[in-house]
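Listed in order, the protein sequences are those of chains A and B. Going by UniProt numbering, the first residue of the first sequence is number 1, and it counts up by one from there. Going by UniProt numbering, the first residue of the second sequence is number 1, and it counts up by one from there.
Among these hints, one or two may not hold up.
As the list makes no split between identical chains, a pair holds if one copy fits it or if it spans any two.
As the list claims (entries may be wrong) - Listed next, the in silico EDC-like pairs over lysine to aspartate or glutamate satisfying Cα-Cα at most 20 Å (straight line):
(1) Lys311 / Asp91
(2) Lys337 / Glu167
(3) Lys337 / Asp247
(4) Lys45 / Glu59
Calculated directly from the structure, the hints in this document are not laboratory data. Small disclaimer: the values here were computed from a predicted structure and weren't measured.
Protein chains: 2
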Amino acid sequence: MNLSEISNVIEQRKDQYLEQLFTLLRQKSISAQNIGIRDCSRLLKSMMEDIGINTRLIETDGHPVVYGEIIKDPDAFTLLIYGHYDVQPPDPLDEWLSPPFEPTIRNGKIFCRGAGDNKGQLMAQILSIKTYVDTFGELPINIKMVFEGEEESASANLPSFVEQNKELLKADLVYTSDGPMHDSGAPYVLLGVRGILYVELTAKGADWENHSGNKGNIVPNPAWTLIDLLRTMRDKNERVLIEGFYDDICKPTEKEKEIIKELPFDREQVAEKIGYKQLDMDGEAYYHKLTMEPTFNIAGFTSGYGGEGAKTIIPSQATLKMDMRLVVDQDPDDIYKKFCAHVKKHAPDIEVKHLGAMAPSRTPANQEVVDIVTKAVSESFNQKPVLQPSLGGSLPDYVWTKILGLPSVVVPYANFDEANHSPNENIGVENFFDGIKCTCHVIYRLGECAR
Amino acid sequence: MNLSEISNVIEQRKDQYLEQLFTLLRQKSISAQNIGIRDCSRLLKSMMEDIGINTRLIETDGHPVVYGEIIKDPDAFTLLIYGHYDVQPPDPLDEWLSPPFEPTIRNGKIFCRGAGDNKGQLMAQILSIKTYVDTFGELPINIKMVFEGEEESASANLPSFVEQNKELLKADLVYTSDGPMHDSGAPYVLLGVRGILYVELTAKGADWENHSGNKGNIVPNPAWTLIDLLRTMRDKNERVLIEGFYDDICKPTEKEKEIIKELPFDREQVAEKIGYKQLDMDGEAYYHKLTMEPTFNIAGFTSGYGGEGAKTIIPSQATLKMDMRLVVDQDPDDIYKKFCAHVKKHAPDIEVKHLGAMAPSRTPANQEVVDIVTKAVSESFNQKPVLQPSLGGSLPDYVWTKILGLPSVVVPYANFDEANHSPNENIGVENFFDGIKCTCHVIYRLGECAR
Numbered sequence: 001m002n003l004s005e006i007s008n009v010i011e012q013r014k015d016q017y018l019e020q021l022f023t024l025l026r027q028k029s030i031s032a033q034n035i036g037i038r039d040c041s042r043l044l045k046s047m048m049e050d051i052g053i054n055t056r057l058i059e060t061d062g063h064p065v066v067y068g069e070i071i072k073d074p075d076a077f078t079l080l081i082y083g084h085y086d087v088q089p090p091d092p093l094d095e096w097l098s099p100p101f102e103p104t105i106r107n108g109k110i111f112c113r114g115a116g117d118n119k120g121q122l123m124a125q126i127l128s129i130k131t132y133v134d135t136f137g138e139l140p141i142n143i144k145m146v147f148e149g150e151e152e153s154a155s156a157n158l159p160s161f162v163e164q165n166k167e168l169l170k171a172d173l174v175y176t177s178d179g180p181m182h183d184s185g186a187p188y189v190l191l192g193v194r195g196i197l198y199v200e201l202t203a204k205g206a207d208w209e210n211h212s213g214n215k216g217n218i219v220p221n222p223a224w225t226l227i228d229l230l231r232t233m234r235d236k237n238e239r240v241l242i243e244g245f246y247d248d249i250c251k252p253t254e255k256e257k258e259i260i261k262e263l264p265f266d267r268e269q270v271a272e273k274i275g276y277k278q279l280d281m282d283g284e285a286y287y288h289k290l291t292m293e294p295t296f297n298i299a300g301f302t303s304g305y306g307g308e309g310a311k312t313i314i315p316s317q318a319t320l321k322m323d324m325r326l327v328v329d330q331d332p333d334d335i336y337k338k339f340c341a342h343v344k345k346h347a348p349d350i351e352v353k354h355l356g357a358m359a360p361s362r363t364p365a366n367q368e369v370v371d372i373v374t375k376a377v378s379e380s381f382n383q384k385p386v387l388q389p390s391l392g393g394s395l396p397d398y399v400w401t402k403i404l405g406l407p408s409v410v411v412p413y414a415n416f417d418e419a420n421h422s423p424n425e426n427i428g429v430e431n432f433f434d435g436i437k438c439t440c441h442v443i444y445r446l447g448e449c450a451r
Numbered sequence: 001m002n003l004s005e006i007s008n009v010i011e012q013r014k015d016q017y018l019e020q021l022f023t024l025l026r027q028k029s030i031s032a033q034n035i036g037i038r039d040c041s042r043l044l045k046s047m048m049e050d051i052g053i054n055t056r057l058i059e060t061d062g063h064p065v066v067y068g069e070i071i072k073d074p075d076a077f078t079l080l081i082y083g084h085y086d087v088q089p090p091d092p093l094d095e096w097l098s099p100p101f102e103p104t105i106r107n108g109k110i111f112c113r114g115a116g117d118n119k120g121q122l123m124a125q126i127l128s129i130k131t132y133v134d135t136f137g138e139l140p141i142n143i144k145m146v147f148e149g150e151e152e153s154a155s156a157n158l159p160s161f162v163e164q165n166k167e168l169l170k171a172d173l174v175y176t177s178d179g180p181m182h183d184s185g186a187p188y189v190l191l192g193v194r195g196i197l198y199v200e201l202t203a204k205g206a207d208w209e210n211h212s213g214n215k216g217n218i219v220p221n222p223a224w225t226l227i228d229l230l231r232t233m234r235d236k237n238e239r240v241l242i243e244g245f246y247d248d249i250c251k252p253t254e255k256e257k258e259i260i261k262e263l264p265f266d267r268e269q270v271a272e273k274i275g276y277k278q279l280d281m282d283g284e285a286y287y288h289k290l291t292m293e294p295t296f297n298i299a300g301f302t303s304g305y306g307g308e309g310a311k312t313i314i315p316s317q318a319t320l321k322m323d324m325r326l327v328v329d330q331d332p333d334d335i336y337k338k339f340c341a342h343v344k345k346h347a348p349d350i351e352v353k354h355l356g357a358m359a360p361s362r363t364p365a366n367q368e369v370v371d372i373v374t375k376a377v378s379e380s381f382n383q384k385p386v387l388q389p390s391l392g393g394s395l396p397d398y399v400w401t402k403i404l405g406l407p408s409v410v411v412p413y414a415n416f417d418e419a420n421h422s423p424n425e426n427i428g429v430e431n432f433f434d435g436i437k438c439t440c441h442v443i444y445r446l447g448e449c450a451r
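Extracted from the complex, chain A is given alone in its bound form (with noise of 0.2 Å):
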C-alpha cells in the first residue's frame, strides 16, 4: 500500500468526480426557501449507495438527515465524517456571471450556487471513499457520515438529532470539511470554534417621537436608556461587567499557548483585510484575542433620525443588536441568565429578546487523534497546516463535543475565497481534488494508528 497511489487513482478518474460533483450541484436545495430540499436528499443517497456506502434518510423536525455508514468492525476506529447539502439562496441573481445552478469552470473553478459551501467539500469526501476501496480494497477505519439539510438555516434540529442518535452516531472523532482554507492557501486544522449569544434590547419611551424643543427634559429619552444600560454592562477598559461573565472560561493550555505562539501573522496583510490599517497587535495578541476571549460586540444601535442634516426630535425608540462570542466553556444559556439579571437590575423596563445562541468547542491539541489529522493534512498537501485552536466565528460543532463527548477537527478544502454565501460562489477545481486526496491521507494514517 502505497499512498502515491491515490493521487494517480484521482488524476485518472478527474472528469468522472467532476461529473458526479456537477449532477449535485445541479441539484438546488434551498434551505431557507424549502426548494429542492428533498429532491437532494434523496439524490444524495443514492449516490452514496452506489459507492457502497449503507446509506438512508432520517427525518427531523425539518429536513432530513442523509445517514451512511460503512462498518468493518463495531470494535475498529470510527471517523464521522459531518457536512451539509442544503445551499443558501442565490440572490442577488444579476450578479451571478453564469446561472448560479449550472456549474461552470471558469478560470480554474468550478462556480455554482454550493460550490464551495458545501457540497464540493461534501463529495471529496464521499469520493473519498469511493478512492480508496478502489485503490486498496477496503476501508482501515469504520466511516459514518451525518450530511444535514439546515446548516444554511441554522442547523436548528441538529442538537436534538445528535441528542436521539447517540448510539448510532458513536464514533472516536469528527471530521468536518467546510469554510475556506488559510488565506496564504495553506491548508488549515481548526480546533474548535467560539460560541454566539445575540440579542436584541429595547428601550422605549414616548409613543411616538416628542419635539426636542418643545418637550425636551420631560420626555425620557430612549437612546440615554439603553445607554446607561450599557455603561453599567462594560468599563472603558473593555471589561464586561456583568456578574459572572467570565467565570466559565478556561484558560489556554500549555499545548494552546505554544500553537498561539507558532501561528503565521502579518500584521500588515491582516490590516488590509480588515480594512483597518491602524491595526497594531502582534500574532500571538491577535490569536488570543480571536480564539480564547469572548466579544461583546455592538452589531446595531439604530435609535432616531439618521438622514442628512438635523432633525430636532426624542426619539421614541431604541434597539441595539448585540452579539456576544463566547469561548470554552461559557454555556450560551447561562450567559444569557446572567445577561438577563442584569438588565433586570439596571434597566427593568428594557425588553430583551433572544435572537440565537450556539455553545463554543474547542477539542484539546495535546491528542493524538490531532497530530494523526495534522500530520495526514501535511503530507497530503505537501505544506504545514495551520493548526489554531479555534476559529473566531461559530459553527455547531459543539454538538460533537459537548453533546457526543468526541474530538472535532475540521479541515477546510475550499479556497479562500470561494465567495460562500454571496454571488459566484465557487471552489477551485484542484481544491476539490485535493479534497478527495485529504480525506484519503486522513483515513489512512488513522487506520496505521489503530492497527
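Keeping the supplied structure of chain A fixed, place chain B upon it in accordance with the hints.
Just chain B now, with coordinates in the frame of chain A:
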C-alpha cells in the same frame, strides 16, 4: 377714546379684512424653493403702503426684508413688530383637503399654506394699524415693522440684517406674533426662547463592516467608541460633564420663579399630549425643566444593522445627532468650543460637525412693558394670558435681545391646532380678528403709558 370702538370697526370690516388676507395667502412665497418670494414681497409692500405705512424692500444676501414704519415723533415710544411672509413647502400635496394656495373656510377655519404660519398673524398686525388709525385718527406710538422672507429657512440673513441696521431698528419693544396659543385656548405671553446647538458626531472603525465572528476583538467598534465618549459627557444623573457647560446659566429671578409656580399644568393632559402616560412631575418642575434648564438630547444614533433579526457584523461607522437646547446666557459658539475640546481630549478621532445654532433669549419679567403687554392681551381676550419666561423651543429672538438689547415678547394668535408646517395648515377666522384686536389693544396701552 374707547377701546370697544375697535371691536365695532373690526366687526364691520370682516369681509374686507378677510379678502385682504386671502390676497396675501394666494401669493405663493416658498423660501426654501425660492418660489414667489419676490412677488410676495412686492405685494406685501403695496398692501402696507395702501394702509399708509412707509414701506421699502431692504435687500439681504438672501430674500428681501419688507420694512415699514410710521414715525409719529422720533422721541416717542417705538414698537417694532416682527413677522415673516415666507411659508413652508406644501408637501405632501395629496393630504390637503383643499388646494394649499387657495384659502378655503371650513368649520370656522381658514385653510391655506401660511394661514397660521405666519401670514394670518402678520396680516392681523398690519390691519391693526389700519383699524387703529381709522378708529382713533392716529397712532399713539411709533411703529416699525420687519417682515423677513427667510424664517422657514432658518432666518439665515436676519442676524446680519439686524447688525447692519441697528439705527433704523431702534425701538423700545419688539413684538412678535407667531406660533400657536396655549393648548387650553388661553392667550400666551412668551418672554424668550431656548437656544440650540446641533452637532453630528461620526466615529469610524474599519473601512468596511467586518464579520463579528472572524474579526471580533480585532477590529474596533465605532458604536462603542461613541458610547465610551458619551459616558464621559454625561453622568447617570443626567448631568452634563463637559467642562464649563453650565457656567453661564443665569438662575431664574424671584419673579420668574413666581411665574413658573403659577403656570397652568394638567399632568394628565400633558402626559397624553406627549404620549408618555408615566410622566411624573408637577407643574413647577415641568416648567423649570422646559424653560430654565438646557437639554443634552440624542436626536439620532445610527450604527450597523437595524433590520429584522440578527446580522453578525462589526459596524464600520457610528453616527450621532445631538441637539442641546441652551438657556440664557449660554452662548452656542462658546458651548460648541467646549464640546469640541471635550471630544478632542477624550476621543480625538471622532469627527464633529456643526449643523446649526441659535442663541437663547429671555426678556426680564419684571419690566413695565411686560406688564403693559400682559394687561392689554388680558383685556383683549378677556382672559388671563399664560405668561411663560421661555419657550422650550428655539426662535431667532436673540437678534432683538442680544444684538439690539431690547425687550421682546411673543404673543401668538394662531389656534393650538394650526398644523403649521403640515398639510391643512389653518388659522381660526376668529383668531385672525382677535389678533387685529389684540395688536390694537397693545398699541393703545403702550401709548397710554408712553404719554
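Check: How would you label the pair Lys337, Glu167 (within, between, both, or neither) given a Cα cut-off of 20 Å?
Finding: Close neither inside one copy (32 Å) nor across copies (71 Å); limit 20 Å.
Note to self: When Cα atoms must be at most 20 Å apart, do Lys337 and Asp247 count as within-copy, between-copy, both, or neither?
What the structure shows: Cα proximity of Lys337 and Asp247: one copy only (14 Å, versus 45 Å across).
Check: Using 20 Å as the alpha-carbon threshold, which applies to Lys45 and Glu59: within, between, both, or neither?
Finding: Cα proximity of Lys45 and Glu59: one copy only (13 Å, versus 85 Å across).
Check: Is it within a copy, between copies, both, or neither that the alpha carbon of Lys311 lies no farther than 20 Å from that of Asp91?
Finding: Between copies only: 17 Å across, 35 Å inside.
Figure legend: structure checked against the earlier numbered hints; the only hint not met is number 2.
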